[in-house]
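Single-letter residue listing:
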Amino acid sequence: GENVEQHPSTLSVQEGDSAVIKCTYSDSASNYFPWYKQELGKGPQLIIDIRSNVGEKKDQRIAVTLNKTAKHFSLHITETQPEDSAVYFCAAKYGGTASKLTFGTGTRLQVTL
Amino acid sequence: EAGVTQFPSHSVIEKGQTVTLRCDPISGHDNLYWYRRVMGKEIKFLLHFVKESKQDESGMPNNRFLAERTGGTYSTLKVQPAELEDSGVYFCASSQSSEQYFGPGTRLTVT
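For the protein sequence lines, the chains are A and B, in the order given.
Quick note, the numbering used here runs 3 ahead of the 1-based positions in the first sequence.
Just so we're aligned: 6 in the numbering used here is position 14 of the second sequence, and the numbers increase by one with no gaps anywhere.
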């Protein structure tokens, strides 16, 4: 089955700096890669996703890149703000549109003033 | 539009007892999923309903876990009897396509 590895497990950046979280997946048939943000006491919130036919996608300060050859995908947050502090999860899906997600172990991002 | 809701938010039970978790998906979403996060590890898939039918239950750990989705609307996940290793946060998600939307989770503590 699919396996997703995520690094780093913790990340501390100063406000205004950029943050990058990286994931690798094992199944080359994976075709959908969402990123979730989980704040304390809340469920994971979908913040951006990318499909296997796209190399990069951007939404304001957040961008995701996908390298299908290397089976890597990354989340980039620019101009970080304190409210970006949370746990971020990457995930991968192979199979049909509504198939299950396989998650990474999460990255705790701390944005300091 | 209301999001995915889960009840209860927290549950503390003793080993050997029974607990039932409930999930109400986003209205109109045919797909409903259960996931679990144990001890700060990754979020792991448990099972997937399409309407009232179990599409994939490959992640269910053992026969102490029973999931149902009555009439293709809300879903329940029963753990009977609960063991210590069942402690964790149980998430429900729903979708109509690729995007899965998660509820706030139920934190289960088995003592």
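Hints were generated in silico from the structure; no laboratory data involved.
Treat the hints loosely; a few may be bogus.
[To be verified] With a straight-line Cα cutoff of 25 Å, these simulated BS3-like cross-link-like pairs (lysine-lysine) come out: (1) A:K74 with A:K45; (2) B:K70 with A:K74; (3) B:K33 with A:K40; (4) A:K71 with A:K60; (5) B:K70 with B:K46; (6) B:K70 with B:K33; (7) A:K74 with B:K36; (8) B:K33 with A:K25; (9) A:K45 with B:K70; (10) B:K70 with A:K25; (11) B:K43 with A:K71; (12) A:K40 with A:K71; (13) A:K71 with A:K25; (14) A:K40 with B:K7; (15) B:K33 with A:K45; (16) B:K43 with B:K7; (17) B:K36 with A:K45.
[As the list claims (entries may be wrong)] Now the stretches of chain A that chain B is said to cover, found in silico as 3 or more residues with beta-carbon under 8 Å: (18) 33 to 39; (19) 102 to 115.
We treat Cβ as the ideally placed atom computed from N, Cα and C, and that holds for glycine.
Here's how the hints hold up against the structure:
1. For the suggested pair K74 of chain A and K45 of chain A, the alpha carbons sit about 30 Å apart, so the restraint of at most 25 Å is broken.
2. Only pairs whose Cα atoms come within 25 Å are accepted, and K70 of chain B paired with K74 of chain A is rejected, the gap being roughly 37 Å.
3. Annotation: proposed proximity of K33 of chain B to K40 of chain A holds, straight-line Cα distance about 15 Å (limit 25 Å).
4. The suggested pairing of K71 of chain A with K60 of chain A holds, with an alpha-carbon distance near 14 Å, which does not exceed 25 Å.
5. Of the supplied pair hints, the one linking K70 of chain B and K46 of chain B holds, its CA atoms being roughly 15 Å apart against a limit of 25 Å.
6. This hinted pair checks out: K70 of chain B and K33 of chain B have alpha carbons roughly 22 Å apart, not beyond 25 Å.
7. A threshold of 25 Å between alpha carbons decides the hint, and for K74 of chain A with K36 of chain B the separation of about 21 Å falls inside it, so the pair holds.
8. A hinted pair counts as satisfied when its Cα atoms are at most 25 Å apart, and K33 of chain B with K25 of chain A qualifies at roughly 17 Å.
9. As the CA atoms of K45 of chain A and K70 of chain B are separated by approximately 22 Å, the hinted pair is consistent with the 25 Å bound.
10. In summary, the hint linking K70 of chain B to K25 of chain A is not supported, as the alpha carbons are separated by about 36 Å, beyond the 25 Å threshold.
11. For a cut-off of 25 Å, the pair hint linking K43 of chain B to K71 of chain A is broken: about 33 Å separates their Cα positions.
12. Between K40 of chain A and K71 of chain A, the direct Cα distance comes to roughly 23 Å. Compliance with the 25 Å bound is thereby established for this hinted pair.
13. Under the criterion of a C-alpha separation no larger than 25 Å, the hint pairing K71 of chain A with K25 of chain A is consistent with the structure, at around 14 Å.
14. Of the supplied pair hints, the one linking K40 of chain A and K7 of chain B is violated, its CA atoms being roughly 32 Å apart against a limit of 25 Å.
15. Taken as a hint, the K33 of chain B and K45 of chain A pair is honoured in the structure, with Cα atoms around 16 Å apart against an allowance of 25 Å.
16. Taking the CA atoms of K43 of chain B and K7 of chain B, the gap is about 32 Å. The hint is violated against a cut of 25 Å.
17. Pair hint K36 of chain B plus K45 of chain A holds up; C-alpha atoms about 17 Å apart against a cutoff of 25 Å.
18. Look at the region 33 to 39 of chain A against chain B: 3 of its residues bring a Cβ nearer than 8 Å to a Cβ of that chain, three or more, so the hint holds.
19. Only residues whose beta carbon comes within less than 8 Å of a beta carbon in chain B count, and the region 102 to 115 of chain A has 8; three or more means the coverage holds.
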